[in-house]
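S.K.: Residue numbers (my numbering), protein chains in the order written: chain C, 1 to 377; chain X, 378 to 576.
I should point out that these hints are in silico values taken from the structure, not numbers from a laboratory.
These numbers come from a predicted model, not from an experiment.
Among the hints, a few may not be true.
Unchecked claim - The calculated DSS-like cross-link candidates involving lysine-lysine, where the alpha carbons are at most 27 Å apart (straight line), are:
| # | chain 1 | residue 1 | chain 2 | residue 2 |
| --- | --- | --- | --- | --- |
| 1 | C | Lys17 | C | Lys229 |
| 2 | C | Lys375 | C | Lys303 |
| 3 | X | Lys380 | C | Lys362 |
| 4 | C | Lys137 | C | Lys375 |
| 5 | X | Lys407 | C | Lys342 |
| 6 | C | Lys342 | X | Lys425 |
| 7 | C | Lys41 | C | Lys375 |
| 8 | X | Lys413 | X | Lys380 |
| 9 | C | Lys228 | X | Lys425 |
| 10 | C | Lys229 | X | Lys424 |
To be verified - Derived contacts from chain X toward chain C, CB cut-off under 8 Å, selection only:
| # | residue |
| --- | --- |
| 11 | Ile422 |
| 12 | Gln428 |
| 13 | Ser432 |
| 14 | Lys433 |
| 15 | Gly434 |
| 16 | Ala436 |
| 17 | Ile438 |
| 18 | Glu439 |
| 19 | Gln448 |
| 20 | Phe449 |
| 21 | Pro450 |
| 22 | Ser453 |
| 23 | Ile531 |
| 24 | Lys535 |
| 25 | Ile538 |
Glycine residues also receive a C-beta, built at the ideal position from the N, C-alpha and C atoms.
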Amino acid sequence: MNNLSKIKNIIVKNTQKLDCGMEISNFPLAYETYGKLNEKKDNAILVFHALSGDQYASGINPVTNKEGWWNHAVGAGKPFDTDKFFVICTNVIGGCMGSYGPNTIDSNTKKPIGTNFPVITINDMVNAQYNILDFFKIKKLFAVTGGSMGGMQVLQFVSNFPDKAQVAIPIACTASHSAQNIAFNELGRQAIMADENWKNGLYGENKNNPDKGLAVARMAAHITYLSKKGLQEKFGRKLQESDDVKFGFDADFQIESYLRYQGSMFVDRFDANSYLYITRAMDYFDLTKQFNGNLSKAFEKSKTKFFIISFTSDWLYPTSENRDIVIALNAIGADVGFVEIKSDKGHDSFLLNVPDFLGTLKNYLKTTYFNLNEKRI
Amino acid sequence: MKKEFKVITELIEENSRVLDVGCGDGDLMKFLLQNKTIDIRGLEISKKNVQNCLSKGLAVIEGNAENDLSQFPNNSFDYVVLSQTLQAFLNTERVINELLRIGKRAIVTIPNFGHWKMRLHLLIKGTMPVTEVLPYDWHNTPNLHMCSIKDFFIFCEKRNIKIFRSLALNKEKISSIDLSNLGIKNLISELGIFLIENK
Chain C
1 MNNLSKIKNI
11 IVKNTQKLDC
21 GMEISNFPLA
31 YETYGKLNEK
41 KDNAILVFHA
51 LSGDQYASGI
61 NPVTNKEGWW
71 NHAVGAGKPF
81 DTDKFFVICT
91 NVIGGCMGSY
101 GPNTIDSNTK
111 KPIGTNFPVI
121 TINDMVNAQY
131 NILDFFKIKK
141 LFAVTGGSMG
151 GMQVLQFVSN
161 FPDKAQVAIP
171 IACTASHSAQ
181 NIAFNELGRQ
191 AIMADENWKN
201 GLYGENKNNP
211 DKGLAVARMA
221 AHITYLSKKG
231 LQEKFGRKLQ
241 ESDDVKFGFD
251 ADFQIESYLR
261 YQGSMFVDRF
271 DANSYLYITR
281 AMDYFDLTKQ
291 FNGNLSKAFE
301 KSKTKFFIIS
311 FTSDWLYPTS
321 ENRDIVIALN
331 AIGADVGFVE
341 IKSDKGHDSF
351 LLNVPDFLGT
361 LKNYLKTTYF
371 NLNEKRI
Chain X
378 MKKEFKVITE
388 LIEENSRVLD
398 VGCGDGDLMK
408 FLLQNKTIDI
418 RGLEISKKNV
428 QNCLSKGLAV
438 IEGNAENDLS
448 QFPNNSFDYV
458 VLSQTLQAFL
468 NTERVINELL
478 RIGKRAIVTI
488 PNFGHWKMRL
498 HLLIKGTMPV
508 TEVLPYDWHN
518 TPNLHMCSIK
528 DFFIFCEKRN
538 IKIFRSLALN
548 KEKISSIDLS
558 NLGIKNLISE
568 LGIFLIENK
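Using the sequences and the accompanying hints, generate a full structural model.
M.R.: So, in structure tokens, the structure goes:
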């Protein structure tokens with residue numbers, strides 16, 4: 001990785017108290033923006049990224065030279081239309097793309113902080129990212145949005161800051177991380193921690209990173225982002241570069257080769273400790289519990305307009321869990337729209353070219369921005 | 378059926394909260410928003426319709442009225458509107474009970490199966506009536522529980538439901554229905570529009 005100098009950041013001066021009890025201050029928060037903030041400062045959209053994402057939602061990520069993770073949704077003429085909206089995305093704390101995280105160099109030891117980094121929560125991430133509003137002097141965002149862990153941050157954001165967003169669009173997410181999802185995250189963490197290079201999280205001195213463990217974690221997770229049908233259609237039992245199986249443990253099947261590739265690509269851009277911290281934050285997320293079992297109370301003080309989206313083939317954050325959020329909002333008479341989009345692409349649908357999803361989102365944003373901010377009464 | 382929309386609009390008071398059950402692609406919701414200052418939500422079963430509604434910026438959720446009305450608290454709306462959908466439910470009675478639980482009042486419109494054209498069709502042709510309002514054949518109709526204006530009157534009477542206003546629509550003409558003209562209105566009206574509440 002190079003071009004790290006191209007990362008934009010703000011230094012958060014305020015002291016932030018974390019859920020674990022520790023305090024942090026003077027920490028970096030890396031961000032990227034797309035489009036222009038208008039004079040009235042009413043066209044800003046804050047995008048929250050998912051587990052493996054970063055602040056480079058659109059365009060070309062200058063660090064990895066790969067396309068932004070939400071290129072289908074963010075850009076000129078796209079749903080989050082950068083000709084019209086000012087899109088901000090920040091790297092979560094605990095992340096590894098320039099925000100304060102386990103790979104931040106400790107100024108005393110000159111080594112990465114590693115597992116001396118405090119355990120953080122979705123609430124901590126959102127509170128840290130809130131500082132970006134002050135930086136841009138934005139009083140109220142037009143929208144907050146994100147898929148998967150990004151959606152969880154949307155819910156937490158509206159709960160913490162009920163009057164700071166006109167619209168909230170949580171996508172393919174949940175208000176309370178399920179046992180199944182905790183189980184998958186634990187599998188990934190155990191793979192990392194079983195790697196002899198992990199060294200209790202204090203690796204990184206002589207470039208021996210727990211890459212094998214992180215790759216296995218990514219491979220396992222990647223399966224959960226797809227659907228059985230999608231996998232079957234794309235790979236089936238197709239073999240890799242041969243007519244028959246080789247009676248060995250190399251990648252005989254295309255799906256094996258594909259997963260190995262996904263794993264190997266991931267370790268080039270992601271920090272194993274970040275993976276531990278961020279999955280932990282997801283596991284700890286239980287907005288319902290934060291409000292003593294009544295999710296509706298999380299949104300009681302908010303006038304935010306909600307648009308919730310799920311996907312038919314998403315078994316990681318299934319429609320039923322998204323619908324629970326809708327039900328909680330309906331119980332308090334909140335302004336809420338909800339649709340389950342038909343797609344075979346599994347949980348990853350929100351990142352991919354799914355026309356029904358992108359089309360509905362685009363029109364919704366355009367009409368809603370007009371109704372709230374442009375319509376002459 | 379713009380006339381139907383107008384009648385519904387007139388039945389709804391300003392600054393009220395409204396739920397449109399089976400809102401289709403949001404035409405009635407839009408009409409109401411253009412003509413009244415109200416807060417309105419929609420529930421719709423078809424994904425395509427829901428996507429269209431959301432594209433128009435309408436607060437619509439995807440769901441099935443047979444099951445998903447239970448998530449709304451008692452009296453959470455001033456009006457719950459059910460426009461020409463009652464006949465499509467499996468459990469009509471439960472849906473009506475739900476409408477009157479969620480809404481202080483409900484507005485129900487029904488295509489009148491007692492209309493003379495229906496009666497004549499069955500009498501002369503001896504086959505299930507197919508009309509402009511009800512264009513389906515018996516084997517592909519989504520309409521499970523057709524009723525006449527008179528049937529609905531009797532139903533409300535039996536279930537202790539108070540009918541506040543009952544209006545008949547024939548072509549573009551609107552008239553009031555009461556017990557004295559029920560027989561004739563049931564014969565000549567295409568649509569019945571009822572404003573009801575629990576007694």
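S.K.: Hint by hint, note whether the structure agrees.
M.R.: Structure-based check of each hint:
1. Lys17(C) with Lys229(C): violated (45 Å)
2. Lys375(C) with Lys303(C): holds (19 Å)
3. Lys380(X) with Lys362(C): Given that 27 Å is the threshold and the Cα spacing comes to 32 Å, the pair is violated.
4. Lys137(C) with Lys375(C): Satisfied, since the Cα-Cα distance of roughly 24 Å is no more than 27 Å.
5. Lys407(X) with Lys342(C): holds (26 Å)
6. Lys342(C) with Lys425(X): holds (10 Å)
7. Lys41(C) with Lys375(C): The given pair, whose Cα atoms are some 16 Å apart, holds under the 27 Å limit.
8. Lys413(X) with Lys380(X): holds (16 Å)
9. Lys228(C) with Lys425(X): holds (25 Å)
10. Lys229(C) with Lys424(X): Cα-Cα ~21 Å, so holds.
11. Ile422: violated (11 Å)
12. Gln428: This hint holds: Gln428(X) lies near chain C, its Cβ roughly 4 Å from the closest one there, short of 8 Å.
13. Ser432: Since chain C brings a Cβ to about 3 Å from Ser432(X), closer than 8 Å, the hint holds.
14. Lys433: With Cβ-Cβ at 6 Å, under 8 Å, it holds.
15. Gly434: With Cβ-Cβ at 3 Å, under 8 Å, it holds.
16. Ala436: With a minimum Cβ separation of about 5 Å from chain C (threshold 8 Å), the hint on Ala436(X) holds.
17. Ile438: With a closest approach of 4 Å, the Ile438(X) hint holds.
18. Glu439: This interface hint holds because 5 Å falls under the 8 Å limit.
19. Gln448: holds (4 Å)
20. Phe449: holds (6 Å)
21. Pro450: The hint holds - Pro450(X) has a Cβ within 8 Å of chain C, the shortest such distance being about 6 Å.
22. Ser453: Since chain C brings a Cβ to about 6 Å from Ser453(X), closer than 8 Å, the hint holds.
23. Ile531: violated (33 Å)
24. Lys535: violated (31 Å)
25. Ile538: Violated. Min distance 24 Å.
Violated hints for the displayed structure, listed by number in ascending order: 1, 3, 11, 23, 24, 25.
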